[in-house]
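The hints should help you fit chain X onto chain L, whose structure is shown.
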Amino acid sequence: MLKITPLLNNLITLSIVLLLLGIIFVNRVLIMLSLTPLLFMLLALLVGVPREITIKKLYPQEILLAGDSFTIEISIEIKRGLGTIVVFDLLPGEFELREGSNLKLLWKGFRPLKTTLRYRVRSTTAGYYQLNKPACEAYHFLHLKAPVNKAVSASQKIEIRPRVLEIKKIRDVTTKSKIPLPLGAVAKMGLPTLEFREMRQYQRGDPYKFINWKATARNTGGAYAAPLVNEYEKEGKKTVWLFLDHSSAMYFGANVENVFESALEAVNGFVDYYTKYDCRIALCTFNGAPFFIYPAAGKRQYYKILQELLRLKTRENDSSKERGEENGAEPEKPQTGKRATLRETVIRYKGYLYGNNPLCIVVTRINRENTSALDEGIRELMKYTSIRKESYSVMVVNIDGYDLAASTPSEKVAAEILRKRDRINTGGLKRGITWIDWNPTRSSFTTTLLRQVVRR
Amino acid sequence: MNLLISLIKFLLMLIVYAINLHVLRSTSPHAILDAYLEAPLSADLAVTAGALLIVLLFISNKNDLIKAFYLVSILFCLPAVLSYAKFDWFSLLLLGRFDLEFQTTLYEPELAFWCALVLIGCLVISFINMFQDQANDYSERGIEAREINALLMRQGAHFVFLIALLTGFATLFFDAVEAFESAMEEIVLFFMDDPVLIGFAGIICLLILSIIVIAGSRSVYRQETRE
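So the protein sequences, as listed, match chains L and X.
Under the numbering used here, the residues of the first sequence are numbered 5 to 460, in order.
Under the numbering used here, the residues of the second sequence are numbered 109 to 335, in order.
Here chain L stands alone, though its shape is the one from the complex (with noise of 0.2 Å):
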């Protein structure tokens, strides 16, 4: 039956009132001009709304890289029908729209109509999504008729990764990198592996089998230049300890683009790279939602961290113990009232921590309100840590966030203002520990990583 629209319910009322007046009138007139909307209603009605639709759309592929663009297209064809259609394909609040536009007005005439929408999207933050179904609200060419509206049954679950780093290693003979590896007393003194780790200047004691003489001949070092050495991975597992943080300031930022998003790349690149070195890694988080991951080694441990990075997003929301139980991690008991700080949780964790000498990085973001807290964790962590070079086996990557925020000249000023701020707050953290300032919006997380490569 005919869905009657308001504005066809105007006409008709119109025409009944017309020919009402006109018989209680006696009037030839008023009965002559109901037959106008009528007629108009007549002629308008012959044609239909747009119908037979097909929309088809081409997903991505199922795992991305956050920062990725893709392209995303949908085809819509309609074969009959007169009228306006309105196709949408609605995106998650984390998809930034690069080219093109999801949402495309069309106009069908009397002949049917093939076209294509077509958009570029680029993936911010990492996690798993649901991509919407594309859906049509095709309308009659003057809204007599109801509206009718076409959805694409399938949809699709992406996961989006965050971004790893895109060097193996970062050392040479010439320069050495800040960048500790971690130590560790079996893996220092065990059996070398067939795995090349570097090619060092020879030192006393090192096996003559080791010297690589042709890189020994083209070293232009002079006359005079030691051999050079490979240098092969110990036997043993090395361990690494992520610590992330989970507080709220973490979040500062956009919602496509914050802090929390380039410390979760961050950590995935350092797993990602200590994974590739066989060391045992463990993830724990602080100032939030608590979450511990065992240590262990090898590419299941990998893509462990890896599934609760990308579910860490839904935060304070999910149960972490849920999560622990699911994916065979430790779960945590949720914290209610004051969450732990870094000092409590390397306290908590203290056992594991004992005798591996591990290297510990800690991902955070510095403000006013957490240096003193954070402080006391360095010095919590330096006790499980040992010495190398007048240095702890502890990084601390700062995310600077500020740029996130700032878009207008007057807001980089005043985050220029408040990162100087923090740099002078942070003084005395940096001092026997390695420290990176990563700042997301100036460069990516392996060009910062690179700028701790000096000359030897």
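What the hints contain is simulated information worked out from the structure, not anything from laboratory work.
Bear in mind the structure is a predicted one, so any value in this text is a computation, not a measurement.
Among these hints, one or two may not hold up.
Partial chain L-side listing against chain X, Cβ under 7 Å, derived [what the hints assert, rightly or not]:
no. : residue
1   : Thr40
2   : Leu107
3   : Leu109
Idealized CB from N, CA, C, for every residue including glycine.
Relative to the frame of chain L, chain X by itself:
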């Protein structure tokens, strides 16, 4: 594009107003008013007031105020239309207190044609308003102005075609109504022999239209409730 549509609407309003005035001037109330206010002051006053109203509507560009224009159209056309009424309800209800008899110098088909033009004009204006609202809605939803303009052009072309068809049909119908009158007279006379038949046919027509309206209103109500 929006300015162009507003301009077209303004021109249409002027045309409809001119027709309204033409119809009003042919009636006896206008002549009485003219005589009462000492002509030609009343006619000038009506033109000025009407033009001011249109300018006000154009400047304000508020679609709700367009109802005032429709009201003016009804008021201007009503005396002429009522002059052809076979049953004088006003004299009956007012018991002849005012000795006012509606008369017009226009012939019946001519009057019907002008009134049909006014009706079509009002329809066009209301649809232009709807198109403007629709364009604003699309604009708010983030659709590019280029796409909206292209749509308005195509939609407008189809609408103009439909209106041209309707106007042409109305012109033919009201021009040929006298020619058909004699042919129709026999049919009418057949019905007039038994007035119950015409009443019965009228009731059936009204019943069908009422069912359509009630069913439509219920479906609209259900749709709104679901939303």
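* Which numbered hints turn out to be false for this structure? -> The structure conflicts with no hint, since it agrees with every one listed earlier.
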